[in-house]
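Each chain is listed here by its residues.
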Amino acid sequence: MSDHLRAILDCAGNERYVLPSGLTVLVRPMPGYAAAHAIVAARFGSIDLHFRLGEEELTLPAGVAHYLEHKMFEDQEGDAFAKFARTGANANAFTSFDRTCYYFTATNAVDESLDVLLEMVTHPYFTDETVAKEQGIIAQEIKMYEDSPDWRLITELCQCLYHAHPIRSDIAGSCESIAQITPEMLYDCCKAFYAPSNLVLAAAGNITSQRVLDACARAGLDKPAAAPAARRLCAEELMTLARTQKTLRMAVAKPCFGIGFKEAPLAPGDGRTEALYDLILCCVSGGMSRLYRRLYDEGLVNPGFGGEVLRVDGCCCILFTGESDTPDTVEQMLLEEIERIRADGVDREIFTLCKNEKYGQLVENLENVEDSASQMADFALMGQTVAQQIEMLAGLTPEDADAALQEILQPGRMARVRILPDGSAAPDQDETD
Amino acid sequence: MERKQLAPGVHLSCDPAEKLNRCRISIHFTFPADRQTATAHALLPLVMERGYAGCPDMTGLTKKLARLYGADLTVDGRPMGANRNLCVSVTGIKNRFALAGEDLSQAYTELVLGVAFHPCMADGAFDQEAVSIEKQMLRQSLEDELNDKRLYCMRQTARAFYGDSPMGIRQEGYLEEVDGLTGADLAAAYETMLRTASMELMVLGCTPDETARIEAAFLEELAKIPRRPVPTAPFLAMPRQTAVHKTECFDMVQAKLCMAFTLGQPMDLADLAAVRLAMALYGGSVTSRLFLNVRERDHLCYYCASSFQSFTGSMTVSSGIEPGDAARAEEAILNELADLCTGPITSQELEDCRRGLIDGLEGVEDSLGSLESWYAMEIIRGGAITTPAQARADLAAVTVDQVRAVLRRFSLSVSYLLTKKEGPYV
Chain A
1495 MSDHLRAILD CAGNERYVLP SGLTVLVRPM PGYAAAHAIV AARFGSIDLH FRLGEEELTL
1555 PAGVAHYLEH KMFEDQEGDA FAKFARTGAN ANAFTSFDRT CYYFTATNAV DESLDVLLEM
1615 VTHPYFTDET VAKEQGIIAQ EIKMYEDSPD WRLITELCQC LYHAHPIRSD IAGSCESIAQ
1675 ITPEMLYDCC KAFYAPSNLV LAAAGNITSQ RVLDACARAG LDKPAAAPAA RRLCAEELMT
1735 LARTQKTLRM AVAKPCFGIG FKEAPLAPGD GRTEALYDLI LCCVSGGMSR LYRRLYDEGL
1795 VNPGFGGEVL RVDGCCCILF TGESDTPDTV EQMLLEEIER IRADGVDREI FTLCKNEKYG
1855 QLVENLENVE DSASQMADFA LMGQTVAQQI EMLAGLTPED ADAALQEILQ PGRMARVRIL
1915 PDGSAAPDQD ETD
Chain B
2 MERKQLAPGV HLSCDPAEKL NRCRISIHFT FPADRQTATA HALLPLVMER GYAGCPDMTG
62 LTKKLARLYG ADLTVDGRPM GANRNLCVSV TGIKNRFALA GEDLSQAYTE LVLGVAFHPC
122 MADGAFDQEA VSIEKQMLRQ SLEDELNDKR LYCMRQTARA FYGDSPMGIR QEGYLEEVDG
182 LTGADLAAAY ETMLRTASME LMVLGCTPDE TARIEAAFLE ELAKIPRRPV PTAPFLAMPR
242 QTAVHKTECF DMVQAKLCMA FTLGQPMDLA DLAAVRLAMA LYGGSVTSRL FLNVRERDHL
302 CYYCASSFQS FTGSMTVSSG IEPGDAARAE EAILNELADL CTGPITSQEL EDCRRGLIDG
362 LEGVEDSLGS LESWYAMEII RGGAITTPAQ ARADLAAVTV DQVRAVLRRF SLSVSYLLTK
422 KEGPYV
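Just so you know, the protein sequences line up as chains A and B, in that order.
The working numbering puts the first residue of the first sequence at 1495, with every later residue one more than the last.
The working numbering puts the first residue of the second sequence at 2, with every later residue one more than the last.
Simulated from the structure, these hints should not be mistaken for lab results.
Treat the hints with care, since some could be wrong.
What the hints assert, rightly or not - Partial selection, computed: residues in chain A whose CB lies under 7 Å from chain B:
| # | residue |
| --- | --- |
| 1 | 1635 |
| 2 | 1682 |
| 3 | 1684 |
| 4 | 1854 |
| 5 | 1861 |
| 6 | 1915 |
As the list claims (entries may be wrong) - Below 25 Å or equal to it, Euclidean Cα-Cα: the simulated DSS-like pairs (lysine-lysine) are:
| # | chain 1 | residue 1 | chain 2 | residue 2 |
| --- | --- | --- | --- | --- |
| 7 | B | 422 | A | 1637 |
| 8 | A | 1852 | B | 421 |
| 9 | A | 1637 | B | 421 |
| 10 | A | 1637 | B | 247 |
| 11 | A | 1637 | A | 1717 |
| 12 | A | 1852 | B | 247 |
Remember, it's a predicted structure, so these values are computed and weren't measured experimentally.
Glycine included, each C-beta is placed from N, C-alpha and C at the ideal position.
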């Protein structure tokens, strides 16, 4: 092994434990750092709407995971933000399609902050009153996203591409769906998805394994616990599209477009194919690509144009989004470029350079405590390590990309979404003193 | 962080930041904003970022950066009150991670100096094709600013608040001037900046030998410039005024309310610690009154946060609200300020805010970004440079009376509402 590869593997090293409760714990002490970052990731996201809990089959309203995230900060004594304020930690949380994460960064009283974090994810407390009072705030959050053309493009594309997969639902749900959420539903979700064996705790920075394990013991996570009783239920999803196009109007100054391709779902833990798709996207429409340069020079898109792979259980799609006065032209050029690369193969130089960039990104993510802990948690949820990721990246070849391109980005599985200006962009103004 | 003067108006700041995996070399140019060249200075970063004499092609430059394991080259223009800061920077992984043993720091040095001092120019003008393409991009970004309602509302508030003051010169440029810009206009703005701006070379994460090499290469470039540095503009502040309410209507779901307050006189740096604590207490943290009361208790806003701009002695409160709640939200925001000025402040809430700030300051040296941001701001503000440790000590000494004294000086100047077509809110 080269010294350079050893240097990154030294940085990427972490200690890993699976406690008797089932909790996976990952710790990366980072000498010289003042702060520590800890994150608890639950394998429970917005797509978890239909599952079996014991004998019971449950279907939940959209947005329940995100709602739960908000409510996990509360307990009988008040809220966890107030407790974090006593320790000086900076805490927050987020919900994505397939996970919910709670985290803090702190330089002092890290042990106490760990106690707060572990207490809040293991001791839920909901009442009718506390659940009801969150509706106003979350409704505001939903409305904020409704005004975001970038977010609308993604959600509308998912609704076009999928018939039944819960990726169709917005992560936060809708004002109507969250009105149906009850304390009982939230308790069911915790029972089903917040069992320790469904959680990963990752900590990085000015912290040791012993301190993290001690905190787990204080939280009772060193003792056996019931395994999660839930089993995800997925409706069958055909490879056809729910619809091929949709146009909506919003208060935007310029048309926005989204082009989505439905792909075969990837097997759980298949990070290799996802990384390969990322590299293909880089070759098709990344900053080094012929297409990007042409679109940019001709003023057909702005630097916001790009593609992404969206992959969760039972769903994989490739989405291109951007702003353009001439979205039809952009779409045509994109499709032509995909066909050209399908026929000729990916540019070997660009493919190698994209791998270089990904390697640099891995090194970068090991630099600060937040990225370091988040990356550990992400990889653990995928069942991978940084070392495996580097090895896997090194093993990807242009020939792999050429072969994959024979299957993916097929026009027959493509949907388009357009957001057109609604005409209100020329504002009515009013002024008073 | 060590700092030394290299020439009049030119300094080097460096920190080996050994624990970090990456290094960063940046050159900050700070100079007084000028209305005549505002749009040229909005365009300049876009043109400089796409290539330089040693690598004029945009795609070629992107490939060069990818070869350096995805090194990040940025040219950013930022407003600093009545001054402008243009920063050219390259950030990339350290030599020890280079898979083929390349000398990455040398490559970063060539890049940052090339972009800063050798842009693509011929016959006294920037490359016409690059200028033409980037004019199109700048025009689009100005035309599209409405797509991000939050940013648009904040920009419109600033425009109404600063008016024709030098602090109001638009960093993003003026749409009606974009078409008329030429490569020669850009070159003139660039040359003036090279001659007159204060320069700060910041080298973070490099060994002493690498830093010495970078310094020598920088000095070589500096020697070619006929320097006549001009002082930067002092701190300013907008005078107090009767509050103005403005409303713009669009077809939107969530309304945006942005309120601008002035201290009425320029910021005194001696008050900075008290201002930091005052902001955390009023609306800059999750233990603030705006977060706990306006958002969490009254559910009037999804977000509601205050921020302070030291260069302009101003405070902005930005919020996302129900269209029908605008008047109530504004009243609540003003009431929270008044309560802090005259009502009780518990020692617990004050200490919670102080603890959070001090905790955050202890981690400043844990990342390249926060390290550079901290010292760049300290340097550009002028005066003695405060280390994060000194800032923590200053924060520890702030009293509740000092916090109140700061908050009492703010008065509302502009309240700007973006909302549905339902008419104005006052």
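* To do: Just pull the numbers of the violated hints for me, sorted ascending.
  => The structure breaks hints 2, 3, 6, 8, 11 and 12; every other hint is satisfied.
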